[in-house]
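Given these sequences and hints, build the entire structure.
As given, the protein sequences belong to chains Y and X, one line each in that order.
The first sequence begins at 349 in my numbering and counts up by one.
The second sequence begins at 491 in my numbering and counts up by one.
Everything labelled a hint here was simulated from the structure, so no lab data went into it.
Being a predicted model, the structure only gives us computed values, none of them experimental.
Note that CB positions come from ideal geometry on N, CA and C, so glycine has one too.
Treat each hint with caution, since some may be false.
Stated by the list, open to error - Listed below are several chain X residues computed to face chain Y (Cβ distance under 8 angstroms; list not exhaustive):
(1) 547
(2) 549
(3) 565
(4) 568
(5) 569
(6) 572
(7) 575
(8) 579
(9) 582
(10) 583
(11) 593
(12) 623
(13) 626
(14) 628
Said to hold, decoys possible - Computed cross-link-like contacts, PhoX-like style, restricted to lysine-lysine with a CA-CA straight-line distance of at most 20 angstroms:
(15) 588/X with 603/X
(16) 525/X with 562/X
(17) 493/X with 562/X
(18) 626/X with 525/X
(19) 623/Y with 626/X
(20) 603/X with 623/Y
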Amino acid sequence: MMQSLAVRATVLSLVLATVLLGLWEISSVAPEKSTEMTEYEMLMGGAEQEARVPPPSAVAVLAWEELSNPFYDKGPNDKGIGIQLAYSLYRVLAGYFMAALIAIPIGFLVGMSPLMYKALNPFIQVLRPISPLAWMPLALFIIQDSEASAIFVIFICSIWPMLINTAFGVAGVREDWVNVARTHELSHLRTAFQVILPAAAPTILTGMRISIGIAWLVIVAAEMLVGGTGIGYYVWNEWNNLDLTSVIFSILMIGCVGMLLDLALSGAQRLVEYKE
Amino acid sequence: MIKPFLEVSGLAKVFHGKGNSKFTVYDDVNFSLNKGEFVCIIGHSGCGKSTILNTLAGLDEPSSGAVIMNGKEVVGPSLERGVVFQNYSLLPWLSTLKNVEFGVKARWPLWSKAQVRDHSTHYLNMVGLEHALQRKPSELSGGMRQRVSIARAFATKPELLLLDEPFGALDALTRGVIQQELVKIWNETQQTVFMITHDVDEAILLSDRIFLMSNGPNAAIAEAVTVDIPRPRQRNTIFHDPGYYKLRNYLVDFLVNRSEDKSQLDGQRHPKSVNPLKDAGSAELDEPAPAHHHQPLAVNQ
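In structure tokens:
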């Protein structure tokens, strides 16, 4: 039954994809001109006056070309999609892991100590709703480096879900388990690593999963602003080049990489999950 | 006179409510335990049995009074006092074996891995779980979980074992089997055990003495009843013992009729030591009555 459900779902997905792509393909074909070309049109080489969204077939052709040679580098304006994605991934992962290094210990502190919770909560509540891009001008001014500023923006946007989830997970550890640690005379450090961390790990990983999603959303916008390299810059650059086929292709690539990042984190989450 | 192994004197627990209101759960709780003794404490819900046990464990601080074990005051949790909690309190991300090893490693940090494993496996064998070493608690039945918890507590060889209603959540059949296992381990290890129960038959089967608590607020341990039935006791034959029903009726009578009565605490040092099978005072309860025959609830005052 399970297998047949999976099979049926796959079939349905394929049908939907075919129908939607088919509709898109048909709707983006230019209508046949019945009249003769005007003199002006002949002068313009018969080019259409109206720009159209490229059909999926054109995107597929471009995707094949790009993906068969993803790492070429022909100067600042023409780099392979693999290089652009690698730049973006590097920034996301750098900012993300720096955020984890800070958010998880502080989250621990906030979760363990009601005093720290009360003291830090106002800061968290004010800083958390700030759009990460709002930090960009300040970051550029203080850091004076666009690359580092992009990483900082990723850092600041991924820190909150991790911090809040860690604090929540740590505060919610069952008192019985802490009592088990106490009756076994575990030191504070051992209690933290052997009881509280594994108990809170699923909640912490949920926060990390939310964070990586947000970081991948934000990097595209950040790179549109700072420019130079990265998938966000690539999208904007192709828009400036009026190459919509490349824009659509890179949108799809952003989606695929985002999905892989999420899969990786959900895999990690499964490793630390436990049933009560 | 030799000092007892554990001595509790003047123990009280007061909860402070809003303003000046306060609620005294129990006050002036006194008792002592001898080395190697098995003692059960029985009382109605809310009289503070669990709080007393947590105080012995060092998890809870008394409002006044003190617990002295081996001549030293109990001020916090210690590996010398193992606890089996009612809800098992196993760490759900660890396997059966790892849960026991957790305790053993904490107790003997210098032991080698093989030593820790052998010791833990030995105790899991004692509770009949050798086939479930690699299973997680979520994959075990309630009875098996409590066995793991008991194995963890005994494996660390604490001087005093505190059991907080360990069989409360188990069905009667499982309970019987684990009670027997508990007696077996206790015989082999000769540890001192202090256990909370609601089950009179369980208390008679297991205990050397049974503490009877009066009802709260201002509860106290009113009597310490000696269980004068020879060991080894078997669950299926103990009720043939001539003293069994006499003792049982005495306990039930206390719980049903006398636990509300505060006057028995006044003006004397309590708990009063009684041995219903020897004392003449309880002659009116001589006739063996069927186990389910409870006296009707008396209206106090």
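Each hint tested on the structure:
no. : hint             : verdict
1   : 547              : holds, 6 angstroms
2   : 549              : holds, 6 angstroms
3   : 565              : violated, 13 angstroms
4   : 568              : holds, 6 angstroms
5   : 569              : holds, 5 angstroms
6   : 572              : holds, 7 angstroms
7   : 575              : holds, 6 angstroms
8   : 579              : holds, 4 angstroms
9   : 582              : holds, 5 angstroms
10  : 583              : holds, 4 angstroms
11  : 593              : holds, 6 angstroms
12  : 623              : violated, 17 angstroms
13  : 626              : holds, 7 angstroms
14  : 628              : holds, 4 angstroms
15  : 588/X with 603/X : holds, 11 angstroms
16  : 525/X with 562/X : holds, 15 angstroms
17  : 493/X with 562/X : holds, 12 angstroms
18  : 626/X with 525/X : violated, 35 angstroms
19  : 623/Y with 626/X : holds, 8 angstroms
20  : 603/X with 623/Y : violated, 27 angstroms
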